[in-house]
Amino acid sequence: AVCTKQPSRRPQHLLATGTPCRDRSQGAPATAMLATSFVFRLAIAAFAVHGLAEDACTDQTCTAGDSEAVRTASLLQKDSSRRVGHEIELTEDLEGLAEAQEREEEGIAEEAEEELERLEDLEEGAEEAEEQSEELVVENARSYVHNGAKVIIHEESDVAKRGDGLWNIELTCGCTNAFLHSLAKHMPMDSKPTFEGDPDHGGLCAFSMRGTEAMIQEELDKHGPWPCPPIVEADMEMKLIPDLDYHDLPDRGTDLLEIDAEGRQTNPPSWGLDRIDDRSGRDQDYSPPSAANGGAGAHVYVADTGIRTTHADFGGRAIPSLEVLSSRRKVCSATDTTCAADRQGHGTHCAGTIGGASYGVAKAATLHAVKVLSDSGSGSFSWFIEALDWVLTSGQRPAVFSASLGGRGTLSTVKSAIDKAVNRGVVVVVAAGNSGRSSVPDACKYSPAYVPSAITVGATQLGDSRASYSSYGSC
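The sequence shown lines up with residues 1 to 475 when you count with full-length UniProt numbering.
It is possible that some hints are incorrect.
As the list claims (entries may be wrong) - Only pairs whose alpha carbons sit at most 30 Å apart, straight line, appear in this in silico DSS-like list of lysine-lysine:
| # | residue 1 | residue 2 |
| --- | --- | --- |
| 1 | Lys222 | Lys192 |
| 2 | Lys150 | Lys222 |
| 3 | Lys192 | Lys161 |
| 4 | Lys239 | Lys330 |
| 5 | Lys161 | Lys222 |
| 6 | Lys239 | Lys192 |
| 7 | Lys222 | Lys185 |
| 8 | Lys192 | Lys330 |
Claimed, not checked - If you anchor each label on the Cβ, the simulated ranges turn out as follows:
| # | residue 1 | residue 2 | range |
| --- | --- | --- | --- |
| 9 | Asp375 | Met189 | 28 to 36 Å |
| 10 | Gly224 | Val440 | 33 to 41 Å |
| 11 | Glu156 | Arg279 | 35 to 43 Å |
| 12 | Ser143 | Thr393 | 47 to 55 Å |
For the record, the hints were derived by calculation from the structure and aren't laboratory data. Built from N, CA and C at the ideal position, the CB exists for glycine as well.
Please build the complete structure, drawing on both the sequences and the hints.
Dropping the structure here:
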C-alpha cells in the first residue's frame, strides 16, 4: 500500500553552541573538550533518528511494516535522547568540576601571591635593617643589640649625660597604628610615651618615650617578635643654623618692589638672587624660569622657630600650621597667628629667603610655619620626626620640607624618617651647617645634613667659591 508522507521537518543543518573549552595552559581540563565532542556526535545521531521517525508515515493507511519501523525508530530516538541527556549531565558535571577546580586554583594563586608579597616585604625590611646595622656603628656613640633591637646611645644625648631622656624607636617594615599603640601599653613604671606615628595613613613607624636605659630595655623585653629589627636611639638636641649673611626683611609691601607680572626682579636686594638664576655671573636681574610660575601651588613647610606670618613681605602666603615643642603637638588654625609664631627671627628669615617678595626665590609659594625650635633656637630631634610624620599624613602636596637646623652626630632615626618622607614624594632640604672653620667641618658628621636622600645645602660667596664658614664634604 502507498501512504501519503507528511513534509519532513528534519533540520537541514545543525548549529552547535556552548562554552568553548580551554587547554590545560588556561586552567580547564582536556576532559571537558573530549566529553563535549562526544555529546555533540550523539546529538547529531539523535537528530538523525528523530528525522527517521518523522519521515515515517503517520497516516492511518500505513502498513504493519511501516508501523513497526516507526516503533523501532521511536525506540531508537528515546534511547538516543536518553543517552544524550546522560552525557549532557556528565558534561555539566565535568564543566562544573573544572570551574570549581579553576576557582580553587585561582584562590590558591592569589593566596600564594599575597604570601610572596609579604615575604618580599619582610626580606626588603631585613635587607634595610642589615644595611642600617652596618651604618649604625657611629662615632661618639655606644651601641648594642637588645631583644633584636639595635640600641644607640650618643655621648651628647641626655641619656648619656644625665641617665634619663627621650628615646626614639623606628621600624622600616610591617608596622601599624595598633602595633605602635601596643608599645604605649604596660610601659615601665615612671616612663611615658611622648609620640606615636601614624603609619596607617602614610605616616612614620615611629614611637618616642621618656625613660632611662634600663626602662628602654624593659620596654623592649615586653614586646616582640619584631616585624624587622627596630632602631632604638637616645634622642639629641638640635639647634638652628644661623645665616651669617643675615639680612632683615623690609617692612614694606610688594607694591614698592620692582617685580613685573612674570616674577622678574630688577636690581634684586640680594646678590644671591642675582646669581642663582644664571649659569654664571650676575646681570642685576632675577629672572626665574617662567615654567616654574614663581612656585605657585607648591607648599613649603619651614621647620624652624616659626614664622611671623603677618609680615607684609609674605603677602598673606604664610600660614600657621604646626607647633611641636613638647610631647603634645598643636595643629594650628590658619587664622591663629599666635600658633607657630616666631619670636626669635630665624624662621621668618628662612621663610623670607624661600618665598618672600623681596629676597625670596619662590615668590608665589605657600609657606607653612612648622615650629620645632623654641624661642631660644633649640629643640629635640623627636620633634623634627613628629613634624615629618604630620606633613606626611596631613600636609598638602606638592610639598617641600625645609630645615635649617642640625646637631652633632648621625642619628639613624632621623635618616629613617627622612628616607620615608622622600619615598612618599616630599622633598626634604636641609642645611649643611656653619662648621667650616671648626675642627669638624665635614657635613657628614651632622644630622640631618648627612642623610643622602635629603638635599643638603652649603654656602658660596661672590666668585662662586665656598664660603669659609660653610660645612662641606661628600654629603
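Hint-by-hint comparison with the structure:
no.	hint	result
1	Lys222 <-> Lys192	holds (15 Å)
2	Lys150 <-> Lys222	holds (16 Å)
3	Lys192 <-> Lys161	holds (20 Å)
4	Lys239 <-> Lys330	holds (21 Å)
5	Lys161 <-> Lys222	holds (26 Å)
6	Lys239 <-> Lys192	holds (25 Å)
7	Lys222 <-> Lys185	holds (10 Å)
8	Lys192 <-> Lys330	holds (19 Å)
9	Asp375 <-> Met189: 28 to 36 Å	holds (34 Å)
10	Gly224 <-> Val440: 33 to 41 Å	holds (37 Å)
11	Glu156 <-> Arg279: 35 to 43 Å	holds (41 Å)
12	Ser143 <-> Thr393: 47 to 55 Å	violated (30 Å)
Checked against the numbered hints above, the structure breaks only hint 12 and satisfies the rest.
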